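Enquirer: These are the residues of each chain, in order.
Number of protein chains: 2
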Amino acid sequence: MQDLIHQSFSVQFEYSVFFTEKMLALDNVVLAETVHSRSRQDRPKMLTVIDAGLISANPDLPSKLEQYAAHHQINLVAPPMIVPGGEAVKNEPALPDNILQAIDRFGICRHSYVLAVGGGAVLDMVGLAAATAHRGVRLIRVPTTVLAQNDAGIGVKNGINAFGKKNFIGTFCPPYAVINDFAFLQTLDMRDWRAGVAEAVKIALIRDAEFFHFLEDSAHALAARDHGAMKMVVRRCAELHLRHIRTAGDPFELGSARPLDFGHWAAHRLEILTSYELKHGEAVAIGIALDSIYSHLIGCLDAKDLRKILAVLNAIGFRLYVPEIEDPSLFEGLAQFREHLGGVLTVTLLDSIGRGFEVHEIDQALYARTIKYLKDYALTGMVSPPRLSMETAGVAHAHRA
Amino acid sequence: MQDLIHQSFSVQFEYSVFFTEKMLALDNVVLAETVHSRSRQDRPKMLTVIDAGLISANPDLPSKLEQYAAHHQINLVAPPMIVPGGEAVKNEPALPDNILQAIDRFGICRHSYVLAVGGGAVLDMVGLAAATAHRGVRLIRVPTTVLAQNDAGIGVKNGINAFGKKNFIGTFCPPYAVINDFAFLQTLDMRDWRAGVAEAVKIALIRDAEFFHFLEDSAHALAARDHGAMKMVVRRCAELHLRHIRTAGDPFELGSARPLDFGHWAAHRLEILTSYELKHGEAVAIGIALDSIYSHLIGCLDAKDLRKILAVLNAIGFRLYVPEIEDPSLFEGLAQFREHLGGVLTVTLLDSIGRGFEVHEIDQALYARTIKYLKDYALTGMVSPPRLSMETAGVAHAHRA
Numbered sequence: 001m002q003d004l005i006h007q008s009f010s011v012q013f014e015y016s017v018f019f020t021e022k023m024l025a026l027d028n029v030v031l032a033e034t035v036h037s038r039s040r041q042d043r044p045k046m047l048t049v050i051d052a053g054l055i056s057a058n059p060d061l062p063s064k065l066e067q068y069a070a071h072h073q074i075n076l077v078a079p080p081m082i083v084p085g086g087e088a089v090k091n092e093p094a095l096p097d098n099i100l101q102a103i104d105r106f107g108i109c110r111h112s113y114v115l116a117v118g119g120g121a122v123l124d125m126v127g128l129a130a131a132t133a134h135r136g137v138r139l140i141r142v143p144t145t146v147l148a149q150n151d152a153g154i155g156v157k158n159g160i161n162a163f164g165k166k167n168f169i170g171t172f173c174p175p176y177a178v179i180n181d182f183a184f185l186q187t188l189d190m191r192d193w194r195a196g197v198a199e200a201v202k203i204a205l206i207r208d209a210e211f212f213h214f215l216e217d218s219a220h221a222l223a224a225r226d227h228g229a230m231k232m233v234v235r236r237c238a239e240l241h242l243r244h245i246r247t248a249g250d251p252f253e254l255g256s257a258r259p260l261d262f263g264h265w266a267a268h269r270l271e272i273l274t275s276y277e278l279k280h281g282e283a284v285a286i287g288i289a290l291d292s293i294y295s296h297l298i299g300c301l302d303a304k305d306l307r308k309i310l311a312v313l314n315a316i317g318f319r320l321y322v323p324e325i326e327d328p329s330l331f332e333g334l335a336q337f338r339e340h341l342g343g344v345l346t347v348t349l350l351d352s353i354g355r356g357f358e359v360h361e362i363d364q365a366l367y368a369r370t371i372k373y374l375k376d377y378a379l380t381g382m383v384s385p386p387r388l389s390m391e392t393a394g395v396a397h398a399h400r401a
Numbered sequence: 001m002q003d004l005i006h007q008s009f010s011v012q013f014e015y016s017v018f019f020t021e022k023m024l025a026l027d028n029v030v031l032a033e034t035v036h037s038r039s040r041q042d043r044p045k046m047l048t049v050i051d052a053g054l055i056s057a058n059p060d061l062p063s064k065l066e067q068y069a070a071h072h073q074i075n076l077v078a079p080p081m082i083v084p085g086g087e088a089v090k091n092e093p094a095l096p097d098n099i100l101q102a103i104d105r106f107g108i109c110r111h112s113y114v115l116a117v118g119g120g121a122v123l124d125m126v127g128l129a130a131a132t133a134h135r136g137v138r139l140i141r142v143p144t145t146v147l148a149q150n151d152a153g154i155g156v157k158n159g160i161n162a163f164g165k166k167n168f169i170g171t172f173c174p175p176y177a178v179i180n181d182f183a184f185l186q187t188l189d190m191r192d193w194r195a196g197v198a199e200a201v202k203i204a205l206i207r208d209a210e211f212f213h214f215l216e217d218s219a220h221a222l223a224a225r226d227h228g229a230m231k232m233v234v235r236r237c238a239e240l241h242l243r244h245i246r247t248a249g250d251p252f253e254l255g256s257a258r259p260l261d262f263g264h265w266a267a268h269r270l271e272i273l274t275s276y277e278l279k280h281g282e283a284v285a286i287g288i289a290l291d292s293i294y295s296h297l298i299g300c301l302d303a304k305d306l307r308k309i310l311a312v313l314n315a316i317g318f319r320l321y322v323p324e325i326e327d328p329s330l331f332e333g334l335a336q337f338r339e340h341l342g343g344v345l346t347v348t349l350l351d352s353i354g355r356g357f358e359v360h361e362i363d364q365a366l367y368a369r370t371i372k373y374l375k376d377y378a379l380t381g382m383v384s385p386p387r388l389s390m391e392t393a394g395v396a397h398a399h400r401a
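Chains as they are written, first to last, in this note's numbering: chain A, 1 to 401; chain B, 1 to 401.
Wrong hints could be hidden among the right ones.
The list makes no distinction among identical chains, and a pair is therefore deemed to hold if it is satisfied within one copy or across any two copies.
Unchecked claim - Simulated crosslink set (SDA-like; lysine to any residue; CA at most 25 Å straight-line):
hint : residue 1 : residue 2
1    : K308      : L366
2    : K231      : D3
3    : K165      : P93
4    : K165      : R40
Quick caveat, the hints were computed from the structure, so don't treat them as lab data.
Source: prediction; values computed, not measured.
Build out the structure end to end from the sequences listed, making use of the hints.
Expert: What follows is the structure, encoded as C-alpha cells:
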C-alpha cells in the first residue's frame with residue numbers, strides 16, 4: 001500500500017478594478033485610498049514605472065504624480081522609471097531585471113507598492129518583476145490603452161517573451177488593484193484607440209450577443225473617437241472578462257480550455273510574423289475574422305452572422321488583410337498554442353453570435369480556403385462575403401462531430 | 001460615487017506527497033502512476049534535472065532513470081541535466097535560464113513534466129524555472145535530503161537568491177507531486193543527514209510537544225544514523241508542515257505572520273555571514289537555540305524547557321556556536337526579514353515546548369545577552385545553562401506586553 005499525504009487547499013484572491021477619470025487630480029481619491037486602506041505605513045512606499053509612449057502624450061505625468069503623492073502622503077521612493085512601450089518591452093530581459101533591482105534598492109516589501117502605468121505590454125513586464133520579487137509585492141496596474149483597460153490589464157497574468165515565443169515566461173498573479181482612467185484613452189493614437197476594441201468584439205461573440213449588437217450600433221461612433229461610446233465598451237468588456245475569470249472555474253488555466261482566446265492562435269502568430277508591426281488587437285481582429293469564416297465553412301456559424309461580424313470589424317476600421325496570413329508558417333501558431341496550453345489543442349469557434357464552442361483540431365486545407373476567403377473579402381471590399389457551395393459545407397460539417 | 005468591480009475568486013490546489021523507498025526500482029509504480037494518471041500523452045514528456053551532489057553518491061542514477069522511463073513509457077526528452085547542489089545553485093541566474101531554454105527546446109508544455117531530483121536548493125531553483133515557463137509546467141519534486149523531504153521540498157515556494165538576499169526572486173507555486181524516497185537519505189553525508197532534523201525540532205517546538213518528546217528519545221539514534229528513526233522524523237515533520245500550509249489560512253503568505261519561520265531570521269543571516277558555509281539546517285539549529293534562549297530571557301519559556309531544547313540540539317550533534325553569531329550585522333537579518341515579509345516584523349518565540357507566539361520587535365540589548373548565553377553554553381559544554389537572575393527576568397518580562 002502506498003503511503004501518501006494528499007495536500008489540498010484553496011487560496012482566495014481579491015482585487016478591485018476602478019473606473020475613473022483623471023486619477024491624478026488632487027481630489028480624486030481612488031489611488032490614495034487604494035494605497036492607504038490596507039497599509040500600516042504612514043507614508044506607504046511606491047515605486048512607479050511608466051510607459052514611455054504615455055509620457056510623450058502626457059509630458060506632465062511625472063510632475064502630476066509627484067504632486068499627488070505629496071498631497072496624499074505617498075512615499076515615491078524614486079522618480080518614475082520610464083520604460084519603452086509596446087511589445088518591445090517584453091523582448092528585453094534587462095528591463096524586468098532593472099525593476100527587480102529597484103525593488104531591492106528602494107526596499108519595496110510585500111506591503112509596499114509598485115505602480116505600473118501604461119499599455120498591456122508594460123503591465124505584463126512590470127507584473128512579472130513585481131510577482132517574483134519577494135514572491136510578490138503589491139502591484140497597482142493603471143492600464144492606459146483600450147486593450148489594457150478592457151482585457152490584459154485587468155486579468156491575472158503577466159509575462160515576457162522568450163525564445164521567439166509570446167509570454168513564454170510569466171506567472172499567474174492577480175494585481176493588488178487596477179485603476180482604469182478613461183482620460184488616458186483620449187491621448188491614444190488612432191491605432192491604439194481602435195486595436196483594443198477587437199477584444200470587445202471577441203468576448204461579445206463568444207459570450208454576449210446583446211453586447212455585440214451594441215458594438216454594431218456603436219461601430220461608427222467608435223471609429224469617430226466618441227469618448228462616451230468607448231467608455232461603455234471598455235466597461236462592459238472588462239466586466240465580461242472579470243466575470244469569466246471569476247466564474248469559469250479555472251482562473252489559473254490548469255485545464256486546457258481557453259475560451260477567451262477565440263481568434264488568438266492566429267493572432268499570436270501574426271504578431272510574430274509581422275515582427276510585432278501588427279498590434280495585438282489588430283492581429284486579434286484578423287484572427288476573429290479568420291476563425292469566424294472557418295466556423296462558417298465547417299457549417300456552424302450562419303452566413304448572416306458572419307457578414308455582421310466582418311462588417312463590424314470593417315466599420316471599426318480594422319485592416320483584415322495582411323500578406324502574412326498567407327504565410328504557410330501561420331499554422332505553427334497551432335502547435336505553439338497547443339504547447340503553451342499543454343497537450344491538447346483547444347480552439348474556440350462560433351456556433352452563432354454570442355455562443356462559442358470548442359474544437360480540438362483545425363483542418364489546414366479548409367483553413368487555406370478560409371484565408372483565401374478573407375483575402376477576397378478584404379481586398380475586393382465586398383460588403384457581403386461569397387456564400388459557400390453546399391458541397392463544401394457538407395464536407396466541412398463532418399469535421400465537427 | 002466610485003465605479004468599481006470587485007473581483008474575488010479562489011483557486012484550488014492539490015498535490016500528493018508520496019513516501020517510498022527506491023522509487024526507480026522497476027516495480028515501484030509511484031513515479032509512473034504520477035506521470036500517467038492525468039496525462040493525455042501515451043509517452044508523456046519529462047525533462048529531468050539532477051543535483052550533482054547526488055550523482056557522486058549514486059552514479060548509476062541516470063541509467064536507472066533511463067531504464068525506469070523505458071519500462072514505464074515515459075519519454076525522457078534529453079539526458080538528465082546535472083546542476084551543482086547546495087546554496088550555490090541559487091546564486092547563478094544562468095541556471096534557471098538554462099532550464100527555461102531546455103523547456104523551450106524540448107517542447108515541455110503545461111501538461112508535460114519537469115522532474116527535479118535533489119536537495120532543497122536545487123528544487124527551489126528548478127521550481128522557479130518550471131513555475132514561470134508557460135506560466136507553469138508540471139513539476140515533480142524528488143527531495144533527496146532530510147531538509148528537503150520534511151520541509152522545503154514539500155511546500156509551495158520556489159526561488160533563487162539575488163542582491164545578496166536569500167530567495168529574493170521566487171513565486172508561490174505548488175508542485176504537481178512530491179516523491180520522498182527514503183533510500184536517498186542513506187547516502188547523505190553526516191552534515192546533510194543531521195541538518196534537516198533542525199526543521200523537525202523547529203516545528204515540534206511551535207506545534208507538537210509530543211513530537212518533541214519523540215525527538216528527545218530519538219536524538220541519539222538519529223545521531224547514529226538510524227534509518228527507521230529518521231523515516232519517522234521525516235514523515236511526521238512533513239505531515240506537520242503540510243497541515244500548516246493546508247489549515248493555517250494563508251498558504252501564499254499574503255499576511256505578515258510566518259510561524260514556521262521560528263528561528264529563521266537569525267538563520268538566514270548566518271547563512272549569508274558564513275558565505276553559506278553553514279548549511280540551512282545547521283543555521284536553523286543555531287537560530288532555534290538563540291530564539292529559545294531569548295524566549296526564556298523575556299520570561300516566557302521556562303528554564304527546564306530551555307535546557308531540554310538545548311540538550312536535544314546538542315545530542316543530535318549540532319554545533320551551536322559559530323563566531324558569526326557575534327557579528328553586529330546579525331541584526332540586519334531582522335530588517336531583511338521584515339522587508340521580505342512586508343512591513344511589520346513578525347517573529348515567533350516560544351511560550352513553552354509545543355507552543356509558539358508572535359512578537360513584533362526584538363530588543364537588541366537583550367539579544368546581545370542571548371548571544372553571550374549561547375556562546376557560554378556551547379563553549380563550556382555545560383549540560384544545563386545558567387539560570388537568569390530575577391532582575392533580568394523582570395526587566396525582560398515587560399517586553400512581551
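Enquirer: Evaluate each hint against the coordinates.
Expert: For each hint, the structure was consulted:
| no. | hint | in the structure |
| --- | --- | --- |
| 1 | K308 / L366 | within (22 Å within a copy, 77 Å between copies) |
| 2 | K231 / D3 | between (57 Å within a copy, 12 Å between copies) |
| 3 | K165 / P93 | both (13 Å within a copy, 20 Å between copies) |
| 4 | K165 / R40 | between (41 Å within a copy, 24 Å between copies) |
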